[in-house]
Amino acid sequence: MFDKYMVKEGSFQNNGQDGFKFQVHVGDYRGCFLSLVRGYYVEVDGVEYPLEKQKFEINGKPPRTFDEIAKAVWEHWDFDDYATLYIDCPGGLSKGPHRLGLMQGAMVQYGWQPHDQEWIENTPLPKDLVGEQTKQKEVYYFDVEIK
Amino acid sequence: MAIKRGVSFYSYQQEQFFGRMDYHDMAKEMHDNLKCDGVEIISEATVPGYPFPSKEFLADWANTMARYDLKPVALDGFLDPLRFRDHVMNHREAAELLKLELKLAHDMGFTHVRAMTGLPADVAERALDTAEKLNVAIAWEIHLPIPIKPNPAIKGLFCESPGTAVQDTVDFIKKTGTTKVGFIPDMGIFNKAPYIDGIERTLRHMEDKGLAEDIRALWKEVPLSELGTEIDKRYPGKLTQAEAGAFHWKKCADPEDLVEILPYVFSFHGKCHDMVEIPGKPGQYEEPAEDFEKVIQVLKDHNWDGYICTEFEGQRAWQDMGRENLVDEVEQVRRNHEMMRRLIGE
Numbered sequence: 001m002f003d004k005y006m007v008k009e010g011s012f013q014n015n016g017q018d019g020f021k022f023q024v025h026v027g028d029y030r031g032c033f034l035s036l037v038r039g040y041y042v043e044v045d046g047v048e049y050p051l052e053k054q055k056f057e058i059n060g061k062p063p064r065t066f067d068e069i070a071k072a073v074w075e076h077w078d079f080d081d082y083a084t085l086y087i088d089c090p091g092g093l094s095k096g097p098h099r100l101g102l103m104q105g106a107m108v109q110y111g112w113q114p115h116d117q118e119w120i121e122n123t124p125l126p127k128d129l130v131g132e133q134t135k136q137k138e139v140y141y142f143d144v145e146i147k
Numbered sequence: 148m149a150i151k152r153g154v155s156f157y158s159y160q161q162e163q164f165f166g167r168m169d170y171h172d173m174a175k176e177m178h179d180n181l182k183c184d185g186v187e188i189i190s191e192a193t194v195p196g197y198p199f200p201s202k203e204f205l206a207d208w209a210n211t212m213a214r215y216d217l218k219p220v221a222l223d224g225f226l227d228p229l230r231f232r233d234h235v236m237n238h239r240e241a242a243e244l245l246k247l248e249l250k251l252a253h254d255m256g257f258t259h260v261r262a263m264t265g266l267p268a269d270v271a272e273r274a275l276d277t278a279e280k281l282n283v284a285i286a287w288e289i290h291l292p293i294p295i296k297p298n299p300a301i302k303g304l305f306c307e308s309p310g311t312a313v314q315d316t317v318d319f320i321k322k323t324g325t326t327k328v329g330f331i332p333d334m335g336i337f338n339k340a341p342y343i344d345g346i347e348r349t350l351r352h353m354e355d356k357g358l359a360e361d362i363r364a365l366w367k368e369v370p371l372s373e374l375g376t377e378i379d380k381r382y383p384g385k386l387t388q389a390e391a392g393a394f395h396w397k398k399c400a401d402p403e404d405l406v407e408i409l410p411y412v413f414s415f416h417g418k419c420h421d422m423v424e425i426p427g428k429p430g431q432y433e434e435p436a437e438d439f440e441k442v443i444q445v446l447k448d449h450n451w452d453g454y455i456c457t458e459f460e461g462q463r464a465w466q467d468m469g470r471e472n473l474v475d476e477v478e479q480v481r482r483n484h485e486m487m488r489r490l491i492g493e
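Residue numbers (the working numbering), protein chains in the order written: chain R, 1 to 147; chain C, 148 to 493.
Everything labelled a hint here was simulated from the structure, so no lab data went into it. In this text, all values refer to a predicted model and were calculated from it rather than measured experimentally. Note that beta-carbon positions come from the ideal geometry of N, C-alpha and C, so glycine has one too. Certain hints may be false.
Unchecked claim - No farther apart than 30 angstroms at their CA atoms in a straight line, the calculated lysine-lysine pairs in the DSS-like style are these: (1) C:K280 <-> R:K135; (2) R:K137 <-> C:K202; (3) R:K147 <-> R:K8; (4) C:K280 <-> C:K250; (5) R:K8 <-> R:K137; (6) R:K71 <-> C:K250; (7) C:K246 <-> R:K135; (8) C:K356 <-> R:K135; (9) R:K8 <-> C:K175; (10) C:K397 <-> R:K137; (11) C:K356 <-> C:K302; (12) C:K182 <-> R:K135; (13) C:K356 <-> R:K137; (14) R:K55 <-> R:K135; (15) C:K339 <-> R:K135; (16) C:K202 <-> R:K71; (17) R:K137 <-> C:K302; (18) R:K127 <-> C:K367; (19) C:K246 <-> R:K71; (20) R:K127 <-> R:K55; (21) C:K356 <-> C:K296; (22) C:K356 <-> R:K4; (23) R:K135 <-> C:K447; (24) C:K428 <-> C:K182; (25) C:K398 <-> R:K137; (26) R:K135 <-> C:K398; (27) C:K397 <-> R:K135; (28) C:K367 <-> C:K280; (29) R:K137 <-> C:K339; (30) R:K61 <-> C:K202; (31) R:K61 <-> C:K246; (32) C:K302 <-> R:K61; (33) C:K246 <-> C:K218; (34) C:K428 <-> C:K447; (35) C:K380 <-> C:K447; (36) C:K151 <-> C:K428.
To be verified - Some chain C residues flagged as far from chain R (calculated, every beta-carbon gap over 10 angstroms): (37) A149; (38) A192; (39) H234; (40) I301.
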């Protein structure tokens, strides 16, 4: 849900020479405990940027890796707050239009489910984190521009 | 003793997402336009700094309720068992989270916490002391496909024994004599037809546009409740399973089933997806998929006292569209309240 509206308009830009960044809203009707944010499937012009190349900035703290985010079990991503997703991409992206593919991987659910133990032991990557109750089911594509 | 009207702020999730309404605006809408006073919130959507909000927020919340003369009814909490990431949350930990919600509900003036569907009785038991002490009840949501009457065949959702979860909780209430545990039935358990928003979404995305047009024509000819079976008859094998699913509907309880549990029902979720004008009755609306009429009649017959809080859920199915085609949540909730006022007989 809200897939089409998850990226804040006009927020997609280069982050100096380190890569690029953009702001994201939680794609749900509620916020969630931060540790439930597994990371994102990110693709630009067909190139995938895996979890290791992502950092997440929220709650006024410096950008964190998703290994660090996984430990934030008492911190909350509030529904009204945009987070900034930083992507490691030396040199940044070229000026002009790009095609961004994005899927939020969040382990939010309603109570206990049969997959629980499996998802703890072998946590699926964001793109494969799809269950009956997950709010994102597929990659959504955006036309963005580096100015 | 009366049936009273309320709103779950869940209904305005899209307005909140786009930054057009916050809880002040929602409270004002209830007071100025809906003329009702029962407030339900999703704790993780409304409370900044959840689960440890600031004193400033708590004061502003109380002030907002006072300004618009509103009554906090239900605070909806969740249960995300994967949160700790290194183990699955156990029942003792779930009870600790529930206690946190009870304290938050108490601090915000709510009478009960809407706990997760199928909440195991032993979780409620572990949090019961806190509920009694704070005078805030634990009411878990009876949501499709959980039945009111036991059906052990239902498995694999929400908890270990979803099919008998209601009965397990009733047994617990009777055993302990507590008045601080019960239920919030969701109107969706009494469905009587498929949701229109799901039908529209499916027709919009069907690859076979000709078939989509034929189904649209058929929809005008047959009762909504029979559309799915009629499509199965006329176009066997032509739809994918997901497509066919949108035209079918399920229920898991009858309004009369409520009688047994009414003493333990703290409030209702007035679930609705599509409030449409009743043909020939301008200004009067109905939700063709839901049985508000029979449920409200049962509540009247048994002199039930409490709130039905509108839970408008028809926004999601349109979010693949541009902003100009998104649903007007404010208008949909107003229509739901026109219907409720009429059925309650205010």
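Results of checking the hints against the structure:
1. C:K280 <-> R:K135: Not OK: K280 of chain C and K135 of chain R at ~37 angstroms, beyond 30 angstroms, violated.
2. R:K137 <-> C:K202: It is violated: about 38 angstroms lies between the C-alpha atoms, which goes past 30 angstroms.
3. R:K147 <-> R:K8: OK: K147 of chain R and K8 of chain R at ~16 angstroms, within 30 angstroms.
4. C:K280 <-> C:K250: 10 angstroms, holds
5. R:K8 <-> R:K137: 20 angstroms, holds
6. R:K71 <-> C:K250: Holds: K71 of chain R and K250 of chain C sit about 24 angstroms apart, inside 30 angstroms.
7. C:K246 <-> R:K135: With Cα atoms ~27 angstroms apart, K246 of chain C and K135 of chain R stay inside 30 angstroms; holds.
8. C:K356 <-> R:K135: This hinted pair holds, its Cα atoms lying about 27 angstroms apart.
9. R:K8 <-> C:K175: Measuring from Cα to Cα gives roughly 28 angstroms; hence the hint holds.
10. C:K397 <-> R:K137: 23 angstroms, holds
11. C:K356 <-> C:K302: 37 angstroms, violated
12. C:K182 <-> R:K135: 33 angstroms, violated
13. C:K356 <-> R:K137: 24 angstroms, holds
14. R:K55 <-> R:K135: The hint holds at about 22 angstroms.
15. C:K339 <-> R:K135: 26 angstroms, holds
16. C:K202 <-> R:K71: 27 angstroms, holds
17. R:K137 <-> C:K302: 23 angstroms, holds
18. R:K127 <-> C:K367: Between K127 of chain R and K367 of chain C the Cα gap is close to 40 angstroms, so the pair fails against 30 angstroms, i.e. violated.
19. C:K246 <-> R:K71: Answer holds: K246 of chain C to K71 of chain R is near 22 angstroms, not above 30 angstroms.
20. R:K127 <-> R:K55: 17 angstroms, holds
21. C:K356 <-> C:K296: 42 angstroms, violated
22. C:K356 <-> R:K4: At roughly 23 angstroms apart (the allowed maximum being 30 angstroms), K4 of chain R and K356 of chain C satisfy the hint.
23. R:K135 <-> C:K447: 37 angstroms, violated
24. C:K428 <-> C:K182: Holds, at roughly 22 angstroms.
25. C:K398 <-> R:K137: 25 angstroms, holds
26. R:K135 <-> C:K398: 23 angstroms, holds
27. C:K397 <-> R:K135: 21 angstroms, holds
28. C:K367 <-> C:K280: 56 angstroms, violated
29. R:K137 <-> C:K339: Satisfied, since the Cα-Cα distance of roughly 28 angstroms is no more than 30 angstroms.
30. R:K61 <-> C:K202: Holds - the C-alpha atoms of K202 of chain C and K61 of chain R are around 22 angstroms apart, at most 30 angstroms.
31. R:K61 <-> C:K246: 28 angstroms, holds
32. C:K302 <-> R:K61: Answer violated: K302 of chain C to K61 of chain R is near 42 angstroms, above 30 angstroms.
33. C:K246 <-> C:K218: 22 angstroms, holds
34. C:K428 <-> C:K447: This hinted pair holds, its Cα atoms lying about 24 angstroms apart.
35. C:K380 <-> C:K447: 40 angstroms, violated
36. C:K151 <-> C:K428: 24 angstroms, holds
37. A149: Holds: least Cβ distance 30 angstroms, greater than 10 angstroms.
38. A192: 4 angstroms, violated
39. H234: Check fails; 6 angstroms does not lie beyond 10 angstroms.
40. I301: 13 angstroms, holds
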